[in-house]
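Model the full assembly from the supplied sequences, consistent with the hints where possible.
There are 2 protein chains.
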Amino acid sequence: MTTKSREVLLKKRPVGMPTHDDFELIEASVDDPADGQILVQNLCMSVDPYMRGRMVDRKSYTPPFKVGETLTGGALGRVRASLHPKFSEGDYVQSNLGWREWFLSDGAGVSKLEGLQAPLSAYLGVMGMPGMTAYVGLLGAGELKDGETVFVSGAAGAVGSIAGQIAKIKDCRVLGSAGGPEKVSLLRDEFGFDYAFDYRKGSILEHLMEGARDGLDVYFDNVGGEHLQAAIAHMRPFGRIALCGAISQYNATEPVPGPNNLTMAIGLGLTLKGFIVSHFNHMREDFVRDMASWIADGRVKYRETVMHGLEQAPDAFIGLFTGANVGKMIVQLADDRAE
Amino acid sequence: MTTKSREVLLKKRPVGMPTHDDFELIEASVDDPADGQILVQNLCMSVDPYMRGRMVDRKSYTPPFKVGETLTGGALGRVRASLHPKFSEGDYVQSNLGWREWFLSDGAGVSKLEGLQAPLSAYLGVMGMPGMTAYVGLLGAGELKDGETVFVSGAAGAVGSIAGQIAKIKDCRVLGSAGGPEKVSLLRDEFGFDYAFDYRKGSILEHLMEGARDGLDVYFDNVGGEHLQAAIAHMRPFGRIALCGAISQYNATEPVPGPNNLTMAIGLGLTLKGFIVSHFNHMREDFVRDMASWIADGRVKYRETVMHGLEQAPDAFIGLFTGANVGKMIVQLADDRAE
Chain C
1 MTTKSREVLL KKRPVGMPTH DDFELIEASV DDPADGQILV QNLCMSVDPY
51 MRGRMVDRKS YTPPFKVGET LTGGALGRVR ASLHPKFSEG DYVQSNLGWR
101 EWFLSDGAGV SKLEGLQAPL SAYLGVMGMP GMTAYVGLLG AGELKDGETV
151 FVSGAAGAVG SIAGQIAKIK DCRVLGSAGG PEKVSLLRDE FGFDYAFDYR
201 KGSILEHLME GARDGLDVYF DNVGGEHLQA AIAHMRPFGR IALCGAISQY
251 NATEPVPGPN NLTMAIGLGL TLKGFIVSHF NHMREDFVRD MASWIADGRV
301 KYRETVMHGL EQAPDAFIGL FTGANVGKMI VQLADDRAE
Chain D
1 MTTKSREVLL KKRPVGMPTH DDFELIEASV DDPADGQILV QNLCMSVDPY
51 MRGRMVDRKS YTPPFKVGET LTGGALGRVR ASLHPKFSEG DYVQSNLGWR
101 EWFLSDGAGV SKLEGLQAPL SAYLGVMGMP GMTAYVGLLG AGELKDGETV
151 FVSGAAGAVG SIAGQIAKIK DCRVLGSAGG PEKVSLLRDE FGFDYAFDYR
201 KGSILEHLME GARDGLDVYF DNVGGEHLQA AIAHMRPFGR IALCGAISQY
251 NATEPVPGPN NLTMAIGLGL TLKGFIVSHF NHMREDFVRD MASWIADGRV
301 KYRETVMHGL EQAPDAFIGL FTGANVGKMI VQLADDRAE
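Going line by line, the protein sequences match chains C and D. Under the numbering used here, read the first sequence as residues 1 to 339, first letter to last. Under the numbering used here, read the second sequence as residues 1 to 339, first letter to last.
Think of the hints as simulated: they come from the structure by calculation, not from any bench. What you are looking at is a predicted structure, and each value in this text was computed from that prediction instead of being measured. It cannot be assumed that every hint is accurate.
Heads up, the list lumps identical chains together, so a pair's fine if it works in one copy or across two of them.
Said to hold, decoys possible - Once the Cα atoms are required to be at most 30 angstroms apart in a straight line, the calculated DSSO-like pairs of lysine-lysine come out as: (1) Lys112 to Lys145; (2) Lys201 to Lys59; (3) Lys59 to Lys145; (4) Lys201 to Lys112; (5) Lys11 to Lys66; (6) Lys4 to Lys66; (7) Lys112 to Lys4; (8) Lys59 to Lys301; (9) Lys112 to Lys66; (10) Lys11 to Lys59.
See the structure below:
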């Protein structure tokens, strides 16, 4: 027997902002497991800004997606049939085999999710890669100290919203930028930012001066471009910049000039540190323990923007670049019911 | 009685490349010391690229020079008369009161040079600020480890030539760039660089690929601009960039865009660290001990480009930006004779 599935493949490499034409939804059939295999039904999948980089054919920290092949990315599912000694029917699993409804696996790259401390989808967000990115970016790359002044860009997003709240837990003064008045209100009222602003209105540097008269100790950069330049101009001596992402530049069709004031880093003794979450795998246990307790205590709140059905995945992905999401963008693929 | 002296003052702020018209040589008379004062004759003075930044009226790590006032900078001299309990006639002293032949002081900011371990002028170069900048930039900001691959730009200059030799002492593979074939030969033959190239010929990135097929662990940046962009493109994972200077940009009349590939720092986990020598004052004792022994052993060699007479100081300074110097640019002001 086989199971009917659907998958999204990369039809062609996007130029500039991705469009529907860059993706193709196909039907596939997945065999029943043979000995040593599991059949997994994905329940939800992640779309993340870093995937845009993998759609370009260039050397990077992860190899590029191939045209004509099914995309990959974080996904959570349940084992529906198992002939594998380490997995049982009903196990929750996480994998990098998103962008598809079902898959067959020998278990490589698939790990069981046990002792869930939050709703399942949170393991794509606050308890997963984006949450850990916020945690290691602030405390690892950014070397945040209690009581400092921190600026987070893209602060209503999956990473930024968590970074800001961690900084508040560390008794910091926290500034955040986002696009549009609703998100700005959310930063202030829901996530507890001390100063939040709409980067589309007014000068970013003037906002920073208003929100942090004495300058910034740490800047958590999700955006790049003007945000980074303004932050450099407002850093205090020995400030640290955690370079996490540059979403303002991911769809650029020409190389984007870097900050024109980078030489200020010399006299100020600034450190700019690029990182991805896997560089700080040694902090995983600390992250899981801290974040689970913060969520349980209500000290960290999180939002999700959920779209339904695999056919929505390209829209969900494109929406990351138009600001369609508040918090983590999730694509729900199936209900979590026993088969 | 008074002593006739000459001083150089900043006549106007340079726009772009500094010219003679930006400086003025004036005659001054210096009084005999009163109680608690010393009269110092400067023997030699330093011109350094960082001084260009101080000629601009903007906030920086040192306050700007004032128009119409005598310039300042590193200088070495001898006490010619003393009514100060801590100084005696004949003492060698260092101060920041360069750009003048004589000065009167109450001792503030003037320190005795005792137990000289190298010729006097070396204390403006290899044993002084530029030598220590090379040392702390590599070992402090750059966190150099034995056996790594290092690229030094501006490698024939006062800082770069020492940085390259320190890296060789640490068993590193060392690449260096300089302007013109004579300097390139010097890097290779005198300072022991493994690969030296003329940045004016060919692509910097291609030179780096030829000289270090497997990439760079550390880049010591004296130059900024294209050099920095090419180095970022060729860094290995977790590479470190010590931002020391950006001489290619100091005379720019418009803001200079930063490297257009700074986002590569994210996936590679690169660290860019700006610094000035005073950020690492805690390493001073180590520096003095190590450098004195390396010079004594012949493991560190140094060159000086010497110009004679205070009237040459503006030319010496301007020459820093046209590549007129090999090693440390020194202005000799007087012979070291007893009066």
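Evaluation of the provided hints:
{"no.": "1", "hint": "Lys112 to Lys145", "in the structure": "neither (34 angstroms within a copy, 40 angstroms between copies)"}
{"no.": "2", "hint": "Lys201 to Lys59", "in the structure": "between (36 angstroms within a copy, 27 angstroms between copies)"}
{"no.": "3", "hint": "Lys59 to Lys145", "in the structure": "between (35 angstroms within a copy, 26 angstroms between copies)"}
{"no.": "4", "hint": "Lys201 to Lys112", "in the structure": "neither (45 angstroms within a copy, 57 angstroms between copies)"}
{"no.": "5", "hint": "Lys11 to Lys66", "in the structure": "within (9 angstroms within a copy, 63 angstroms between copies)"}
{"no.": "6", "hint": "Lys4 to Lys66", "in the structure": "within (23 angstroms within a copy, 78 angstroms between copies)"}
{"no.": "7", "hint": "Lys112 to Lys4", "in the structure": "within (24 angstroms within a copy, 85 angstroms between copies)"}
{"no.": "8", "hint": "Lys59 to Lys301", "in the structure": "neither (36 angstroms within a copy, 40 angstroms between copies)"}
{"no.": "9", "hint": "Lys112 to Lys66", "in the structure": "within (28 angstroms within a copy, 68 angstroms between copies)"}
{"no.": "10", "hint": "Lys11 to Lys59", "in the structure": "within (20 angstroms within a copy, 52 angstroms between copies)"}
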